[in-house]
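Assemble the whole structure, with the sequences as input and the hints as a guide.
One letter stands for each residue in the lines below.
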Amino acid sequence: MSPVTPSVTVYVPGDSAARSVGADDVAEAVLRAGARVGQPVHLVRNGTRGMLWLEPLVEVVTPEGRIGYGPVEADDVDGLVDAGLFSGAEHPLRVGIVDELPWMVSQDRLTFARVGVVDPLSAEDYLAHGGLRGLRRALEMTPDEVVEEVTSSGLRGRGGAGFPAGVKWKTVLGCDGPLKFACCNADEGDSGTFADRMVMEGDPFLLIEGMAIAAHAVGATEGFVYIRSEYPAAVATMRTAIEIATWHGWLGDGILGTSLNFSLQVRVGGGAYICGEETSMLESLEGKRGEVRAKPPIPAVEGLFGKPTLVNNVLTLTSVPAIMADGAAAFQSLGVERSRGTQVFQLGGNIRRGGVVERAFGVTLGELVQEYGGGTRSGRPVRAVQVGGPLGAYVPPSDFGLRMDYEEFQAAGAMVGHGGVVVFDDTVDMAAQARFAMEFCAAESCGKCTPCRIGSTRGVEVIDRIVAGENTDENMALLEDLCDVMTDGSLCAMGGLTPLPVRSALAHFGGDFLEPRIQPRRPLPLSTAPRQETA
Amino acid sequence: MTTTEPQPGRTVAEVVTDSVAALEGQRGALLPILHAIQEALGYVPREAIPELAERLNLSRADVHGVVSFYHDFRSEPAGRTTVKICRAEACQSVGSTQLVDHVRDRYGMDLGDTRSDGAITVEQVFCLGNCALGPTVQVGARLHGRVDPAKLTRLIDSAVAS
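Chains as they are written, first to last, in the numbering used here: chain E, 18 to 552; chain B, 2 to 163.
It is worth saying that the hints were derived from the structure and are not from the lab.
Just so we're clear, the structure is a prediction, and the values are computed from it rather than from any experiment.
Please note: incorrect hints may appear among the correct ones.
[To be verified] Selected chain E positions facing chain B (Cβ under 7 angstroms, derived; list incomplete):
| no. | residue |
| --- | --- |
| 1 | Ser-208 |
| 2 | Ser-246 |
| 3 | Gly-288 |
| 4 | Ala-289 |
| 5 | Gly-365 |
| 6 | Gly-366 |
| 7 | Gly-372 |
All residues carry an ideal CB built from backbone N, CA and C; glycine is no exception.
Okay, structure coming up:
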């Protein structure tokens with residue numbers, strides 16, 4: 018008998034971002050090349066490491082560690098294999114041992130510890146890499162003790178508002194009821210944010226574990242993960258992960274042999290940005306139009322179907338297993354001031370090295386954009402950075418010293434939000450970006466309150482008039498007034514925060530409104546969604 | 002999100018009946034049911050609305066209100082392939098506006114248009130979660146990153162030819 022060649026393990030990410038630049042073709046090419054040279058290949062479709070400029074990043078397991086090659090195109094694979102890919106040999110695309118790359122080493126990966134490392138749907142991998150430690154410890158504690166642990170960790174809602182998670186959990190725990198819900202808001206609609214998607218695609222059991230801990234802590238028996246329809250891969254991965262977790266007894270009745278019962282299901286959104294607002298999401302889960310609710314009552318007391326409901330963002334819930342596993346103190350020791358623990362920053366837009374940087378709060382905006390990001394992809398100077406999604410402020414490079422800290426950003430007229438950082442080079446027309454903020458609000462407003470529904474449309478018109486040079490002073494005053502009304506009078510953050518990008522553009526780049534930087538293009542219609550006749 | 006080929010052979014009433022039967026036990030079942038109908042037929046036909054209202058004990062206005070609120074639900078069939086161009090900020094910063102212009106200049110199509118031969122529908126979308134590798138375009142179910150006008154031409158031409 019001839020000796021059997023031992024198989025080599027090769028990782029090619031199955032993450033949507035990697036697939037958008039050809040990872041599926043690369044994976045096929047690796048298998049073909051392995052067959053060609055008689056090398057059995059154990060191919061794993063992992064999540065992404067978050068170094069998106071290197072995608073598709075192929076990793077080969079060697080005795081030295083996992084050696085990376087990227088960005089790899091399918092056409093590169095045969096040459097790579099002939100050069101010795103399967104033994105981690107030298108090649109111009111070789112980036113070295115992935116775990117030792119400066120980008121990785123300098124991060125504080127708590128939430129993203131397993132993303133890109135493991136096979137996302139392997140329960141064995143999950144356990145081998147520390148999975149369920151948090152849930153097991155939580156189940157040894159009373160709900161009150163778990164809530165206390167989350168409270169003392171200093172964890173705040175990662176969805177954008179930064180509300181202390183422990184306070185919310187305590188409120189739900191304190192409500193009576195045979196029926197309470199735990200809901201995960203995975204309607205990650207903010208431009209420039211993709212961490213929710215990446216963790217759901219790359220480490221779905223982590224979210225399940227976080228939700229099971231939450232269910233134990235607040236007394237919820239049913240849960241929903243509300244995922245936007247723009248994320249079909251995350252929907253599919255989460256659904257499969259829930260089946261696997263239920264089969265293993267991590268969900269369902271008698272979780273891990275305890276008395277905890279918690280069933281979880283995925284709900285798919287309908288392409289409405291506003292459903293990322295928690296009360297709008299609850300309406301949508303109830304099968305209704307995603308119109309925001311007036312508060313009070315708060316969802317913790319009267320939420321889904323009128324029952325006490327915990328609503329947390331993906332990154333909030335996925336922070337919890339580490340807090341429970343390693344204790345609140347370890348988490349609390351990271352960060353600055355009242356922003357504790359880590360935040361998963363997402364670098365996008367016109368950036369050379371885009372991707373995910375999980376760092377303790379306190380890292381400066383400049384470090385993220387310049388050191389991690391390496392400046393713009395176009396090679397031109399950075400002119401503005403929008404932090405925190407479409408409702409976040411545009412920040413000029415002169416403010417790159419700002420530390421990532423909820424209060425420090427707020428004091429500077431900006432917000433950390435969900436941690437998205439979108440970079441623009443010096444060709445950007447900031448009047449056009451301000452107009453877009455209003456246009457986006459007009460397209461995505463739920464329509465319930467007037468300042469948002471009407472104000473946003475008026476905002477587009479006023480900015481158009483300013484840019485056209487019509488009664489500039491009067492229209493500037495009008496725009497200011499409109500921003501005041503939207504900020505103070507809107508029911509939720511959609512209308513309430515849309516003035517933030519507009520005002521920051523005016524404050525830092527006011528000249529763009531008065532002397533248009535580029536030839537005006539034909540304006541796009543306000544909403545190009547097909548309109549439906551009324552019944 | 003259409004993940005399977007529409008099955009136009011089935012009548013609206015059959016699809017509504019099957020979708021309701023499969024999903025009505027869920028809490029707040031209307032959205033999952035509408036997704037199922039659109040997956041089966043490619044759109045949510047007007048005649049489905051009174052059927053759904055009747056079966057779910059809702060008013061027609063309630064059902065219509067939900068269908069018309071969400072961008073995903075179509076009142077008429079789209080082209081064979083849907084091309085969605087991301088117009089959110091991160092993709093704007095790397096040139097998605099040029100892609101919109103390109104579609105208009107080369108194909109004479111505005112966002113929301115369906116080609117007269119029914120081959121493609123071009124739409125805008127606000128964020129596909131691929132913000133570090135933009136501009137992003139979704140063709141059918143597949144995501145494409147770092148799309149420039151030349152790449153968009155290839156994607157659209159092959160979608161039209163398919």
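Tested hints:
1. Taking 7 angstroms as the C-beta cut-off, the interface hint given for E:Ser-208 holds, the closest approach to chain B being about 3 angstroms.
2. The interface hint given for E:Ser-246 is met, as the beta carbon of that residue sits about 4 angstroms from the closest beta carbon of chain B, less than 7 angstroms.
3. At a threshold of 7 angstroms, the smallest CB-CB gap from E:Gly-288 to chain B is about 4 angstroms, leaving the interface hint in force.
4. With a least beta-carbon distance of about 5 angstroms to chain B, the hint placing E:Ala-289 at the interface is held under the 7 angstroms criterion.
5. For E:Gly-365, the interface hint holds, the least distance from its beta-carbon to any beta-carbon of chain B being 3 angstroms, beneath 7 angstroms.
6. With a least beta-carbon distance of about 4 angstroms to chain B, the hint placing E:Gly-366 at the interface is held under the 7 angstroms criterion.
7. Because the beta carbon of E:Gly-372 sits about 5 angstroms from the nearest beta carbon in chain B, less than 7 angstroms, this interface hint is met.
Violated hints are absent here; each numbered hint is respected by the structure.
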